[in-house]
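*Asks:* Please construct the entire structure, taking both the sequences and the accompanying hints into account.
Listed here are the chains, written in short residue letters.
2 protein chains.
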Amino acid sequence: MNDFEHTYAVIMAGGGGTRLWPVSRKERPKQLLPLLDDKTLFQSTVTRLENFFPPERILVVTVTEQANEMQKQAPEIPTKNYLIEPAPRGTASVVGLAAAVLKKRDSDAMMAVLPSDHFIRNRDLFHYLIRTAFQVAKKGYLVTLGITPTYPSTAYGYIHQGEALDGEFKYPVYKVKQFIEKPDEKTAQKFLRTGDHSWNSGMFVWHVDNILKEIEKQMPQLSGTISKISASWDTPQREDILNSLWYDLKNETIDFGVMENAEMVAILPAGGLGWSDVGSWNSLIEVLLPDMNGNIAQNAQHLAIDTHNSLVYSNDYERLVVTIGVDDMVLVDTGDVLLVCKSDQAQKVRDVVQHLKKHRQEKYL
Amino acid sequence: MNDFEHTYAVIMAGGGGTRLWPVSRKERPKQLLPLLDDKTLFQSTVTRLENFFPPERILVVTVTEQANEMQKQAPEIPTKNYLIEPAPRGTASVVGLAAAVLKKRDSDAMMAVLPSDHFIRNRDLFHYLIRTAFQVAKKGYLVTLGITPTYPSTAYGYIHQGEALDGEFKYPVYKVKQFIEKPDEKTAQKFLRTGDHSWNSGMFVWHVDNILKEIEKQMPQLSGTISKISASWDTPQREDILNSLWYDLKNETIDFGVMENAEMVAILPAGGLGWSDVGSWNSLIEVLLPDMNGNIAQNAQHLAIDTHNSLVYSNDYERLVVTIGVDDMVLVDTGDVLLVCKSDQAQKVRDVVQHLKKHRQEKYL
Chain A
5 MNDFEHTYAV IMAGGGGTRL WPVSRKERPK QLLPLLDDKT LFQSTVTRLE
55 NFFPPERILV VTVTEQANEM QKQAPEIPTK NYLIEPAPRG TASVVGLAAA
105 VLKKRDSDAM MAVLPSDHFI RNRDLFHYLI RTAFQVAKKG YLVTLGITPT
155 YPSTAYGYIH QGEALDGEFK YPVYKVKQFI EKPDEKTAQK FLRTGDHSWN
205 SGMFVWHVDN ILKEIEKQMP QLSGTISKIS ASWDTPQRED ILNSLWYDLK
255 NETIDFGVME NAEMVAILPA GGLGWSDVGS WNSLIEVLLP DMNGNIAQNA
305 QHLAIDTHNS LVYSNDYERL VVTIGVDDMV LVDTGDVLLV CKSDQAQKVR
355 DVVQHLKKHR QEKYL
Chain B
5 MNDFEHTYAV IMAGGGGTRL WPVSRKERPK QLLPLLDDKT LFQSTVTRLE
55 NFFPPERILV VTVTEQANEM QKQAPEIPTK NYLIEPAPRG TASVVGLAAA
105 VLKKRDSDAM MAVLPSDHFI RNRDLFHYLI RTAFQVAKKG YLVTLGITPT
155 YPSTAYGYIH QGEALDGEFK YPVYKVKQFI EKPDEKTAQK FLRTGDHSWN
205 SGMFVWHVDN ILKEIEKQMP QLSGTISKIS ASWDTPQRED ILNSLWYDLK
255 NETIDFGVME NAEMVAILPA GGLGWSDVGS WNSLIEVLLP DMNGNIAQNA
305 QHLAIDTHNS LVYSNDYERL VVTIGVDDMV LVDTGDVLLV CKSDQAQKVR
355 DVVQHLKKHR QEKYL
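Chains A and B supply the protein sequences, listed in that same order. Oh and the first sequence: position 226 is 230 in my numbering, straight run, nothing missing. Oh and the second sequence: position 333 is 337 in my numbering, straight run, nothing missing.
Keep in mind that a hint or two might mislead.
[What the hints assert, rightly or not] Computed footprint of chain A on chain B; a stretch qualifies when at least three of its residues, placed anywhere within it, have a C-beta under 8 Å from a C-beta of chain A:
| hint | segment |
| --- | --- |
| 1 | 306–315 |
| 2 | 318–331 |
| 3 | 350–364 |
Source of the hints: derived by calculation from the structure; they are not laboratory data. Think of the CB as a built atom: it goes at the ideal place given N, C-alpha and C, for glycine as much as any other residue.
*Replies:* This is the structure in structure tokens:
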């Protein structure tokens with residue numbers, strides 16, 4: 005493992021996530037919930053790193069409100085590795101802060117940026133890909149992991165790959181042509197057919213020097229801010245500097261703030277990873293293993309009559325859920341809210357959250 | 005009202021009813037529940053009789069388990085007017101017992117037999133029809149109220165009418181040709197087209213002498229039993245006689261045990277009564293008044309997005325029910341059970357109850 009002694013994992017864990025409402029709440033966002041098994045998504049993300057990154061080389065970037073709960077859920081990660089932002093300012097700020105702090109602690113650091121709230125079934129393949137990505141990153145590339153599409157999703161961003169990268173890599177690696185925002189249905193169909201488009205997983209691997217250089221070039225305000233903040237990070241001035249500078253940062257993603265126009269960007273297209281962003285109730289049907297009628301009962305006592313391709317998600321196993329003549333439906337049953345939603349309209353859950361905010365029904369948020 | 009001083013209402017109130025599970029329960033059957041408004045169906049049935057039958061001329065036939073609750077719900081009806089059966093034995097026994105007891109109390113009694121768990125929107129028309137029915141019954145007829153079909157229901161029995169009845173009635177009255185069990189879809193379509201078939205409402209009007217004569221002729225065992233029981237009814241021997249004879253009675257309906265082969269049977273076909281037997285969750289959609297999308301939220305806080313012709317029935321107004329992309333669905337949300345059912349399959353709720361019995365999940369019954 006000598007090759008990997010300067011490698012770090014940076015878990016991005018500050019998000020809110022309204023698409024899994026009513027289970028995901030303001031106080032208890034998605035990554036802090038045991039959505040798929042008895043571990044929370046955040047805990048699973050940490051566990052997935054075992055035997056690759058020791059806890060002292062795992063950093064967590066989060067926001068004040070979530071930090072305490074995260075430290076409870078993953079006490080093995082040292083407290084100083086929790087980088088707490090005063091407020092969310094997009095993934096560009098997350099990445100910039102983590103890279104700058106890491107560089108001060110280990111000038112030869114390489115980092116893998118990993119979302120805290122995704123699902124990956126094939127952990128061995130994940131380790132293999134991250135290992136390969138570090139090898140590519142050593143050559144100076146900003147590396148991203150792409151997910152080989154299995155259907156024409158309009159819920160994910162895409163990455164268009166170009167020519168294969170020269171080098172002695174055991175896994176195919178390509179240069180990146182373009183980062184693409186969520187497409188419409190027709191474009192997604194086209195992307196699927198081309199075979200050279202991947203879903204953007206939001207996972208990145210690079211040397212801290214290379215990403216910091218690109219940030220300096222493309223996002224000078226962010227670059228200036230994070231170098232001041234990182235200089236004060238392990239000093240008593242941290243709080244003051246952080247609070248005086250942080251709020252002026254623009255909300256920007258690393259994808260479109262930096263990667264899109266960076267020079268040496270590579271992609272490892274990953275098929276068979278069993279990946280999902282767990283981004284909607286609909287996606288749970290992909291992640292969890294349905295019965296022969298396509299149904300899933302998660303923590304629910306479900307009596308299914310003439311019911312197909314439906315998800316029943318409860319927080320009370322004593323409650324009996326009976327469905328009759330129900331197809332392609334998502335049922336989410338919490339203490340104070342019942343959601344019944346056609347699977348292909350699961351993204352509208354966000355509209356519900358907006359509606360509740362607008363009508364000040366705070367207790368359901 | 006001199007014409008009506010010997011008229012009585014007999015409310016049949018002993019039924020169970022599994023088709024409105026999970027709200028209708030073993031301990032709390034349909035007629036004892038405030039399904040449609042703040043009154044229970046039984047209370048609404050009693051209220052509907054105001055200004056026609058004074059409470060002392062209303063009888064209630066029920067079973068032991070329900071009697072206490074009924075007396076609580078309608079205390080204005082004298083205790084001696086609650087006729088309590090040891091166990092349900094079909095409507096033939098209900099009618100026979102009530103007629104025999106009434107005859108002992110008032111030898112010139114005429115009675116209107118009324119189910120306790122039906123809905124009637126147009127109370128004035130109901131009174132008008134019952135009044136007319138008593139006039140027809142005075143001529144010696146066994147009179148039944150038929151409901152003019154508005155769609156080809158396969159959930160109701162039908163009555164085929166024959167020629168118009170001679171007489172000075174202000175409302176059209178016909179002889180009955182035949183009582184018909186629930187038909188299949190094709191037959192129901194045919195019945196609807198003929199225009200001379202009515203739904204069997206289970207409401208009857210007759211002189212006690214006439215129904216008792218028919219029972220004697222067609223159901224001699226029942227006739228013998230009820231004359232012994234009624235002779236002892238207002239004596240200390242009632243319980244003993246009742247318990248020794250009642251359980252041997254056959255379970256039989258008045259429709260097919262007596263009416264089908266009786267000689268002088270007349271029908272008043274009623275259109276516009278706004279009648280429903282409230283016999284399934286689906287029927288609630290007919291009874292309650294839906295919003296412009298065809299949705300009904302009964303005791304429920306319902307946020308409907310792209311939702312049509314659906315019923316949300318809850319017992320907790322604090323709970324938020326959100327539906328997205330839901331059509332023709334029934335949602336019933338009780339403390340321990342959640343039912344989600346395609347409207348046109350609402351009759352399968354009975355299968356669920358059977359399933360729960362078979363699997364000894366008593367707590368949900």
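*Asks:* The structure should be examined with respect to each hint, and the outcome stated for every one.
*Replies:* Hint check:
1. Closer than 8 Å: that is the beta-carbon criterion, and the segment 306–315 of chain B has 3 residues meeting it against chain A, so the requirement of 3 holds.
2. Counting residues of the segment 318–331 of chain B whose C-beta lies closer than 8 Å to any C-beta of chain A gives 9; at least three are required, and the coverage claim holds.
3. With 6 residues having a Cβ less than 8 Å from any Cβ of chain A, the segment 350–364 of chain B passes the three-residue criterion, so the hint holds.
The structure meets every hint from the earlier list without exception.
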